[in-house]
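With chain A's structure known, arrange chain B on it following the hints.
In the order they appear, the protein sequences are chains A and B. Position one of the first sequence corresponds to residue 0 (numbering that gives the first Met the number 0), numbered consecutively onward. Position one of the second sequence corresponds to residue 0 (numbering that gives the first Met the number 0), numbered consecutively onward.
Note that these hints are calculated values from the structure, not bench results. Among the hints, a few may not be true.
If chains are identical, the list can't say which one is meant, so a pair holds when it fits in one copy or spans any two.
To be verified - Straight line, CA to CA, 20 Å or less: simulated PhoX-like cross-link-like pairs of lysine-lysine: (1) Lys385 x Lys326; (2) Lys336 x Lys445; (3) Lys336 x Lys441; (4) Lys441 x Lys338; (5) Lys205 x Lys326; (6) Lys220 x Lys230; (7) Lys445 x Lys338.
Number of protein chains: 2
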Amino acid sequence: MPETTNYHMNSEDFRKQGHAMIDWIAAYMDNVESYPVMSRVEPGEIRSMLPKSPPLKSESMEAMMRDVDEFIMPGITHWQSPNFFGFFPANNSGPSILGDLLSSGLCVQGMLWATSPACTELETHILDWLVYMLDLPESFKSSTDGGGVIQDTASSATLCALLAARERATNFVANESGFDQTLIAYCSNQAHSSVEKAIKIAGLGKSNLRLIDVDDSFAMKPSDLAKAIDKDKVAGLVPCFVCATVGTTSSNGLDPLRPIGEICKSNNIFLHVDAAMSGTAALCPEFRYIHDGLELADSYCFNPHKWMFTNFDCDCFFVANRAELIKTLSILPEYLKNKATESGAVFDYRDWQIPLGRRFRALKLWFVIRHYGIEGLQHHIREHVKIAQDFASWVKADDRFELVVDPPLNLVCFRLTTGDDATQQLLDDLNDSGKIFLTHTKLNDKLTLRFAIGQTKTARIHVEHAWQLIQQTIEG
Amino acid sequence: MPETTNYHMNSEDFRKQGHAMIDWIAAYMDNVESYPVMSRVEPGEIRSMLPKSPPLKSESMEAMMRDVDEFIMPGITHWQSPNFFGFFPANNSGPSILGDLLSSGLCVQGMLWATSPACTELETHILDWLVYMLDLPESFKSSTDGGGVIQDTASSATLCALLAARERATNFVANESGFDQTLIAYCSNQAHSSVEKAIKIAGLGKSNLRLIDVDDSFAMKPSDLAKAIDKDKVAGLVPCFVCATVGTTSSNGLDPLRPIGEICKSNNIFLHVDAAMSGTAALCPEFRYIHDGLELADSYCFNPHKWMFTNFDCDCFFVANRAELIKTLSILPEYLKNKATESGAVFDYRDWQIPLGRRFRALKLWFVIRHYGIEGLQHHIREHVKIAQDFASWVKADDRFELVVDPPLNLVCFRLTTGDDATQQLLDDLNDSGKIFLTHTKLNDKLTLRFAIGQTKTARIHVEHAWQLIQQTIEG
Numbered sequence: 000m001p002e003t004t005n006y007h008m009n010s011e012d013f014r015k016q017g018h019a020m021i022d023w024i025a026a027y028m029d030n031v032e033s034y035p036v037m038s039r040v041e042p043g044e045i046r047s048m049l050p051k052s053p054p055l056k057s058e059s060m061e062a063m064m065r066d067v068d069e070f071i072m073p074g075i076t077h078w079q080s081p082n083f084f085g086f087f088p089a090n091n092s093g094p095s096i097l098g099d100l101l102s103s104g105l106c107v108q109g110m111l112w113a114t115s116p117a118c119t120e121l122e123t124h125i126l127d128w129l130v131y132m133l134d135l136p137e138s139f140k141s142s143t144d145g146g147g148v149i150q151d152t153a154s155s156a157t158l159c160a161l162l163a164a165r166e167r168a169t170n171f172v173a174n175e176s177g178f179d180q181t182l183i184a185y186c187s188n189q190a191h192s193s194v195e196k197a198i199k200i201a202g203l204g205k206s207n208l209r210l211i212d213v214d215d216s217f218a219m220k221p222s223d224l225a226k227a228i229d230k231d232k233v234a235g236l237v238p239c240f241v242c243a244t245v246g247t248t249s250s251n252g253l254d255p256l257r258p259i260g261e262i263c264k265s266n267n268i269f270l271h272v273d274a275a276m277s278g279t280a281a282l283c284p285e286f287r288y289i290h291d292g293l294e295l296a297d298s299y300c301f302n303p304h305k306w307m308f309t310n311f312d313c314d315c316f317f318v319a320n321r322a323e324l325i326k327t328l329s330i331l332p333e334y335l336k337n338k339a340t341e342s343g344a345v346f347d348y349r350d351w352q353i354p355l356g357r358r359f360r361a362l363k364l365w366f367v368i369r370h371y372g373i374e375g376l377q378h379h380i381r382e383h384v385k386i387a388q389d390f391a392s393w394v395k396a397d398d399r400f401e402l403v404v405d406p407p408l409n410l411v412c413f414r415l416t417t418g419d420d421a422t423q424q425l426l427d428d429l430n431d432s433g434k435i436f437l438t439h440t441k442l443n444d445k446l447t448l449r450f451a452i453g454q455t456k457t458a459r460i461h462v463e464h465a466w467q468l469i470q471q472t473i474e475g
Numbered sequence: 000m001p002e003t004t005n006y007h008m009n010s011e012d013f014r015k016q017g018h019a020m021i022d023w024i025a026a027y028m029d030n031v032e033s034y035p036v037m038s039r040v041e042p043g044e045i046r047s048m049l050p051k052s053p054p055l056k057s058e059s060m061e062a063m064m065r066d067v068d069e070f071i072m073p074g075i076t077h078w079q080s081p082n083f084f085g086f087f088p089a090n091n092s093g094p095s096i097l098g099d100l101l102s103s104g105l106c107v108q109g110m111l112w113a114t115s116p117a118c119t120e121l122e123t124h125i126l127d128w129l130v131y132m133l134d135l136p137e138s139f140k141s142s143t144d145g146g147g148v149i150q151d152t153a154s155s156a157t158l159c160a161l162l163a164a165r166e167r168a169t170n171f172v173a174n175e176s177g178f179d180q181t182l183i184a185y186c187s188n189q190a191h192s193s194v195e196k197a198i199k200i201a202g203l204g205k206s207n208l209r210l211i212d213v214d215d216s217f218a219m220k221p222s223d224l225a226k227a228i229d230k231d232k233v234a235g236l237v238p239c240f241v242c243a244t245v246g247t248t249s250s251n252g253l254d255p256l257r258p259i260g261e262i263c264k265s266n267n268i269f270l271h272v273d274a275a276m277s278g279t280a281a282l283c284p285e286f287r288y289i290h291d292g293l294e295l296a297d298s299y300c301f302n303p304h305k306w307m308f309t310n311f312d313c314d315c316f317f318v319a320n321r322a323e324l325i326k327t328l329s330i331l332p333e334y335l336k337n338k339a340t341e342s343g344a345v346f347d348y349r350d351w352q353i354p355l356g357r358r359f360r361a362l363k364l365w366f367v368i369r370h371y372g373i374e375g376l377q378h379h380i381r382e383h384v385k386i387a388q389d390f391a392s393w394v395k396a397d398d399r400f401e402l403v404v405d406p407p408l409n410l411v412c413f414r415l416t417t418g419d420d421a422t423q424q425l426l427d428d429l430n431d432s433g434k435i436f437l438t439h440t441k442l443n444d445k446l447t448l449r450f451a452i453g454q455t456k457t458a459r460i461h462v463e464h465a466w467q468l469i470q471q472t473i474e475g
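Excised from the complex, chain A in its bound form (with noise of 0.2 Å):
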């Protein structure tokens, strides 16, 4: 083979596959409604149609496009469907779609500054944007001792705050030698799964986080939070970490932040908010409110890539004290020294997060808010709440269901006065139908489905639909 032989795609097929891929995708967005929401496959079976050995000559992207028809697509839950309702929304937009692409295309490292410094500017850039926007507090401003990044998720994020958190302890001792008191954290028992699994990871140990109760609303009760620190103290423990929920996932539940942090002043110990779900509302002056006394917190963080047209990854995370952050997380080997960190003028963004890699997220972001601009957002938000609030009162006025909580965003949990086992049959027809999806939790004990608004295509018309098939569903 003649050394100028290559196997690369060049530029003309790549124009020629990618415009057939982003027709694709086009199409597939007109098309979305048209299969079934949840994926009919059973285990195993979409592997048994794959070919057992990878292929040793190359094959054409259009028998690749082939198989994705018809060997991928029978197993894909359609989260972009405006039938889906389950978990969280995950809605995604045409220019996040093409500022992910051209991040692809680029292919750069953000792990330095010098490695391009665009990556890293416009970052910080657009994530002081976030904090006009959503009118966060000027702490978490890069031009204070604050700043913000782009983590892969929430968990992520909860992990960097607590260990954080777990430093500012210890003192710094425990990243040089371990730690040997009894660090404890806390967070209400309706908080993330996240929460438990950085305590786990950090080396705090599951049983050392303490599960706030809450109130009527699934709100953590700051007294009650009060109380187990001074129980803690007066047992010689060290109480350092307390994660507060802005929408919980079971039920968007709001922690009162205000008191919360109050507490966490007083007795020194770090605050980090994980608003991953519904921090996003915050862009209207309305839903504010879910914000009070944020200003107390240590750490932020919010989900892009749930409700805000912005294709996953992107958990916007910030910090009041990034020189915590930073010498929580830094590590300068030789191979990564260069003269714009030695300046101390420049983010290196790698000491901000848990690995050292990282893609050019932040150009999504930028398109998303640009192609929006904040008005769009704004009325997209606005219509998902009014959307569901009208969803709420429509269960509350049928006595077959129980309205579980007063919705305060976008995210309705309800049942079937009849119990567990009905409302685990209409959960299961509602969703075998493939017609539209949703999700279960169990609120005081009682299953509970919840019916969560915000996927991009989804308009009032999907909602009455689906709200027919449900009392369809369950007169058989």
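Below, chain B alone, put in the same frame as chain A:
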């Protein structure tokens, strides 16, 4: 505003803008050589060009792409240039970009099998393919007790491996209630900084990481490892984790896995093998010696996003005992429970990683493997190694230079015989020229230039030109 009005990009606009973005990337691929490889901006320069406030109203994609050209491109260090020889290869390809684009378009979550079965099953399948392609031990196949998963980075893989090791050593007590034994970890003094980072994150503390000395080829000395373990055991400490490296960052050192593995086996220590940089070489039978003894390892990773034409992020992580990893990282809240998980017949990859959410990354890997075929991948890996060997021979033949170590694969380490200052000056002059980009390290306390060959568009001619430029630069 009427209810039907919305701010979303419709599919017609998406087609138009998507085609334009594909064309932009194709043109970038064609013209990437025309940019200075290293960005020349000063700290703050990019931000100073960006508008202070986010837009209230929607902006056009055309305006955004003008800003990309004007504000972003000057701040890009061009990792995809054929003249990029810095850090490590991060090679990209058309099929990878298109697979990643498809992932963005489908925008499904792969946290559970049930959230999109194809996302999990294609990943398991492709990672089994890679066991075959790299001739890895059978124990890493999903049909045994092991299996593979895609992580974002090798840093995260190392952390997951360390956590499994910690739990094995403490019989899962660390997860439950923290640990009070002094757990000890080991790697060579050339291992990646992510080992130290993981040790800190997991709560072991940096002082409990032993940096084992290396031989003249910068490979870990197994006898020193054995001695260190014995010494720690005598002192009542608990050795729990060894990280061996296949291709160290500084110099491509290859730790001898067989003797290291035997030491680990006889001491019941978890062995993780970090082949992030060099594992890809095992696509070619003649390079598989780098993995000799790998069947003694508990886990292994390599990075297709470094040297296998797959855009970031894509680290392939394999374990021999998946139950141990899953038990370490698993948490099952009510809202994630589902029949498939309960059946035990499926993998839920959230239990194999730090975060909960995950994107459909197997698509790009599937496309890359099928586009190139095993034959195509082997061809390019061989070419990179061959060109690197030739470059090393030119360095060796020129008595102004010292070849610091015979390069086993595609990374050449060299310096001027006239000392660190002259070598630093050469590095600065080369990078400032904009014509090529390389980075440095220290080996045996002396400043050393690293010349990494592996970018997609790098051909022999680029390396020949680079060598000419290096010679011209020192000749003044």
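Structure versus earlier hints - violations, ascending order: 1
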